[in-house]
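K.L.:
In the order they appear, the protein sequences are chains Z and X.
Going by the working numbering, the first sequence opens with residue 352, and the numbers climb by one from there.
Going by the working numbering, the second sequence opens with residue 352, and the numbers climb by one from there.
Hints were generated in silico from the structure; no laboratory data involved.
Please note: incorrect hints may appear among the correct ones.
[As the list claims (entries may be wrong)] As a list, the in silico DSS-like pairs of lysine-lysine whose alpha-carbon atoms are at most 25 Å apart:
{"#": "1", "chain 1": "Z", "residue 1": "Lys369", "chain 2": "Z", "residue 2": "Lys519"}
{"#": "2", "chain 1": "X", "residue 1": "Lys380", "chain 2": "X", "residue 2": "Lys579"}
{"#": "3", "chain 1": "Z", "residue 1": "Lys369", "chain 2": "Z", "residue 2": "Lys524"}
{"#": "4", "chain 1": "Z", "residue 1": "Lys614", "chain 2": "X", "residue 2": "Lys614"}
{"#": "5", "chain 1": "Z", "residue 1": "Lys579", "chain 2": "Z", "residue 2": "Lys396"}
{"#": "6", "chain 1": "X", "residue 1": "Lys524", "chain 2": "X", "residue 2": "Lys500"}
{"#": "7", "chain 1": "Z", "residue 1": "Lys580", "chain 2": "Z", "residue 2": "Lys519"}
{"#": "8", "chain 1": "X", "residue 1": "Lys539", "chain 2": "Z", "residue 2": "Lys539"}
{"#": "9", "chain 1": "Z", "residue 1": "Lys464", "chain 2": "Z", "residue 2": "Lys396"}
{"#": "10", "chain 1": "Z", "residue 1": "Lys524", "chain 2": "Z", "residue 2": "Lys556"}
{"#": "11", "chain 1": "Z", "residue 1": "Lys588", "chain 2": "Z", "residue 2": "Lys396"}
{"#": "12", "chain 1": "Z", "residue 1": "Lys621", "chain 2": "X", "residue 2": "Lys614"}
{"#": "13", "chain 1": "Z", "residue 1": "Lys464", "chain 2": "Z", "residue 2": "Lys380"}
{"#": "14", "chain 1": "X", "residue 1": "Lys621", "chain 2": "Z", "residue 2": "Lys621"}
{"#": "15", "chain 1": "X", "residue 1": "Lys369", "chain 2": "X", "residue 2": "Lys354"}
{"#": "16", "chain 1": "Z", "residue 1": "Lys375", "chain 2": "Z", "residue 2": "Lys614"}
{"#": "17", "chain 1": "X", "residue 1": "Lys539", "chain 2": "Z", "residue 2": "Lys621"}
{"#": "18", "chain 1": "Z", "residue 1": "Lys464", "chain 2": "X", "residue 2": "Lys464"}
{"#": "19", "chain 1": "X", "residue 1": "Lys539", "chain 2": "Z", "residue 2": "Lys614"}
{"#": "20", "chain 1": "X", "residue 1": "Lys580", "chain 2": "X", "residue 2": "Lys519"}
{"#": "21", "chain 1": "Z", "residue 1": "Lys529", "chain 2": "Z", "residue 2": "Lys556"}
{"#": "22", "chain 1": "Z", "residue 1": "Lys375", "chain 2": "Z", "residue 2": "Lys554"}
{"#": "23", "chain 1": "X", "residue 1": "Lys375", "chain 2": "X", "residue 2": "Lys407"}
{"#": "24", "chain 1": "X", "residue 1": "Lys614", "chain 2": "X", "residue 2": "Lys524"}
{"#": "25", "chain 1": "X", "residue 1": "Lys554", "chain 2": "X", "residue 2": "Lys375"}
{"#": "26", "chain 1": "X", "residue 1": "Lys539", "chain 2": "Z", "residue 2": "Lys407"}
{"#": "27", "chain 1": "Z", "residue 1": "Lys375", "chain 2": "Z", "residue 2": "Lys365"}
{"#": "28", "chain 1": "X", "residue 1": "Lys614", "chain 2": "Z", "residue 2": "Lys539"}
{"#": "29", "chain 1": "X", "residue 1": "Lys407", "chain 2": "Z", "residue 2": "Lys539"}
{"#": "30", "chain 1": "X", "residue 1": "Lys621", "chain 2": "Z", "residue 2": "Lys539"}
{"#": "31", "chain 1": "X", "residue 1": "Lys375", "chain 2": "X", "residue 2": "Lys365"}
{"#": "32", "chain 1": "Z", "residue 1": "Lys529", "chain 2": "Z", "residue 2": "Lys554"}
{"#": "33", "chain 1": "Z", "residue 1": "Lys354", "chain 2": "Z", "residue 2": "Lys556"}
{"#": "34", "chain 1": "Z", "residue 1": "Lys375", "chain 2": "Z", "residue 2": "Lys519"}
{"#": "35", "chain 1": "X", "residue 1": "Lys621", "chain 2": "Z", "residue 2": "Lys614"}
{"#": "36", "chain 1": "Z", "residue 1": "Lys554", "chain 2": "Z", "residue 2": "Lys369"}
[Stated by the list, open to error] Cβ-Cβ distance ranges computed for the label pairs, FRET-style:
{"#": "37", "chain 1": "X", "residue 1": "Lys375", "chain 2": "Z", "residue 2": "Tyr525", "range": "53 to 61 Å"}
{"#": "38", "chain 1": "Z", "residue 1": "Lys407", "chain 2": "X", "residue 2": "Lys554", "range": "31 to 39 Å"}
{"#": "39", "chain 1": "X", "residue 1": "Val583", "chain 2": "Z", "residue 2": "Lys375", "range": "53 to 61 Å"}
{"#": "40", "chain 1": "Z", "residue 1": "Asp482", "chain 2": "X", "residue 2": "Arg418", "range": "49 to 57 Å"}
Being a predicted model, the structure only gives us computed values, none of them experimental.
Built from N, CA and C at the ideal position, the CB exists for glycine as well.
Protein chains: 2
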Amino acid sequence: MNKLHSLKLEETKKNREKAQSIFKNLRDKICSTLEEVENQGSHKKNSFISNVWNRKGGGGGESNNLRGAVIEKSGVHLSTVFGSLPLGALDSDKSVNTDQFWATGISVIVHPKNPFAPSVHMNLRMLVTNDYWFGGGADITPMLHSKRKSSDPDTLIFHDSMRHACEKYPSIKYEKLKENCDEYFYIKHRNERRGLGGIFFDKLKSEETSQDLLFLNDVGYNFIESYKKILVSNISKDWNDDHRAEQLHYRGRYVEFNLMYDKGTIFGLKTGGNIDSILSSLPPIVSW
Amino acid sequence: MNKLHSLKLEETKKNREKAQSIFKNLRDKICSTLEEVENQGSHKKNSFISNVWNRKGGGGGESNNLRGAVIEKSGVHLSTVFGSLPLGALDSDKSVNTDQFWATGISVIVHPKNPFAPSVHMNLRMLVTNDYWFGGGADITPMLHSKRKSSDPDTLIFHDSMRHACEKYPSIKYEKLKENCDEYFYIKHRNERRGLGGIFFDKLKSEETSQDLLFLNDVGYNFIESYKKILVSNISKDWNDDHRAEQLHYRGRYVEFNLMYDKGTIFGLKTGGNIDSILSSLPPIVSW
Numbered sequence: 352m353n354k355l356h357s358l359k360l361e362e363t364k365k366n367r368e369k370a371q372s373i374f375k376n377l378r379d380k381i382c383s384t385l386e387e388v389e390n391q392g393s394h395k396k397n398s399f400i401s402n403v404w405n406r407k408g409g410g411g412g413e414s415n416n417l418r419g420a421v422i423e424k425s426g427v428h429l430s431t432v433f434g435s436l437p438l439g440a441l442d443s444d445k446s447v448n449t450d451q452f453w454a455t456g457i458s459v460i461v462h463p464k465n466p467f468a469p470s471v472h473m474n475l476r477m478l479v480t481n482d483y484w485f486g487g488g489a490d491i492t493p494m495l496h497s498k499r500k501s502s503d504p505d506t507l508i509f510h511d512s513m514r515h516a517c518e519k520y521p522s523i524k525y526e527k528l529k530e531n532c533d534e535y536f537y538i539k540h541r542n543e544r545r546g547l548g549g550i551f552f553d554k555l556k557s558e559e560t561s562q563d564l565l566f567l568n569d570v571g572y573n574f575i576e577s578y579k580k581i582l583v584s585n586i587s588k589d590w591n592d593d594h595r596a597e598q599l600h601y602r603g604r605y606v607e608f609n610l611m612y613d614k615g616t617i618f619g620l621k622t623g624g625n626i627d628s629i630l631s632s633l634p635p636i637v638s639w
Numbered sequence: 352m353n354k355l356h357s358l359k360l361e362e363t364k365k366n367r368e369k370a371q372s373i374f375k376n377l378r379d380k381i382c383s384t385l386e387e388v389e390n391q392g393s394h395k396k397n398s399f400i401s402n403v404w405n406r407k408g409g410g411g412g413e414s415n416n417l418r419g420a421v422i423e424k425s426g427v428h429l430s431t432v433f434g435s436l437p438l439g440a441l442d443s444d445k446s447v448n449t450d451q452f453w454a455t456g457i458s459v460i461v462h463p464k465n466p467f468a469p470s471v472h473m474n475l476r477m478l479v480t481n482d483y484w485f486g487g488g489a490d491i492t493p494m495l496h497s498k499r500k501s502s503d504p505d506t507l508i509f510h511d512s513m514r515h516a517c518e519k520y521p522s523i524k525y526e527k528l529k530e531n532c533d534e535y536f537y538i539k540h541r542n543e544r545r546g547l548g549g550i551f552f553d554k555l556k557s558e559e560t561s562q563d564l565l566f567l568n569d570v571g572y573n574f575i576e577s578y579k580k581i582l583v584s585n586i587s588k589d590w591n592d593d594h595r596a597e598q599l600h601y602r603g604r605y606v607e608f609n610l611m612y613d614k615g616t617i618f619g620l621k622t623g624g625n626i627d628s629i630l631s632s633l634p635p636i637v638s639w
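Isolated chain Z (complex conformation) (with noise of 0.2 Å):
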């Protein structure tokens, strides 16, 4: 091995480290944050319980998972996997040519139980093989058909959020991640969106990872503190039988698209990752 590789691979791991490191302390603020809305003005206290998981082939993960009164279901996981890659797991990505992969990643995703709250979902993820980048994206989903407007109050502090978020660095793009957003929660056989959107970013690497890393961290902050604010003034507006029936009708999309069309389901099915923490992304009570 000559010294240039063995510094790559010196510097590749430094920044691992620092992705696993970036993704915990995220896990941790947003947790912390949920458990505050779930137990706001409750005696009653629901947190999210954390299991620990490992993975034939190589790695494993942390899964954490409330069910509230307030966040009716929520995961927020961790993993860190290794080994042989499967084939077509990478989807048909002819330029991954090795057999090898690491990765580490952060999920998050709430189902609120007020109708009047949207859904929302984001994930980080560093992928290294013969070289590595970044992915990930994040994305709000209300339930409500009146809600489901590019106009609606919370959409738009949701999509100022992630701009905000972009527009620090110079290589983001914020209207190619909101534009990539659009393309891939998308339901080929309804012909309609799962969502509103948010961003979305994949082979993210630009000539400073240390700019990157910054860029991962604050889409996660800036996730958590947006959809705090979105869910305070939601949970406790009044709803009745008809706001539950049109929430459980669009989560059925929901479920659609994740089981049908997501690379992150897939990846994680193929890969032979945690099936509760990769299909704890669907809804928990749902119509069709």
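Keeping the supplied structure of chain Z fixed, place chain X upon it in accordance with the hints.
P.N.:
Below, chain X without anything else, positioned relative to chain Z:
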């Protein structure tokens, strides 16, 4: 066109019409039987609601949906579709070297309300490309853990009826069809079966097409006769919230299979079928 070819086309046409006629009769029989069970001892008459749809590209169908008190959700659908065959619609079947198809079929799904009553599914179809053949199957899915075993009385009744439908026909090997079914309804990522099986067949074409058509008809009749017996014996049983929770849980597995692995769903969506018919297999209320 030579005479032999012309005779063959004429024969195929007759068989297509016979298949359509058999499926229509079965639709009548199945809908009336389910309505009878739904409305037993009740003044309120819940009936199937029929909707006709046309397919862009050729053909169309009729979906019949019931949302009742006993039958929480049921779909009984007929369709006859034809035109150009979308790439990949017939899986990776290299033996089909044509780009035109004609298909007619019936599909039935029943999700009863009482958690003690199992869900069932059946579909029968005739597919014509440069050749023609039959496919289909019927299977049972108990939704309580305690009933998810081969010795469960409902499952025994169901399997007996399928065996009975097969045994009259020397070219039909029941054990093979049962094995196919177990293989097919398998949720790979969970390493578990969707339900408790039944029969499943494809590319069926014996020397006597009239016998194949009689077999399809027998599968349909045996299916609804045995299921009526199973329904009637379960719908008066007392159930509580725990039973319901278990039912919603296993319905989630049902959704996972249908959206991720079911070839009928994939074929339907890829050939521009009617989404409401295709996805009417999804249970009314589901939990994860």
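K.L.:
List in ascending order the numbers of the hints, as given earlier, that are violated by the structure.
P.N.:
Violated: none.
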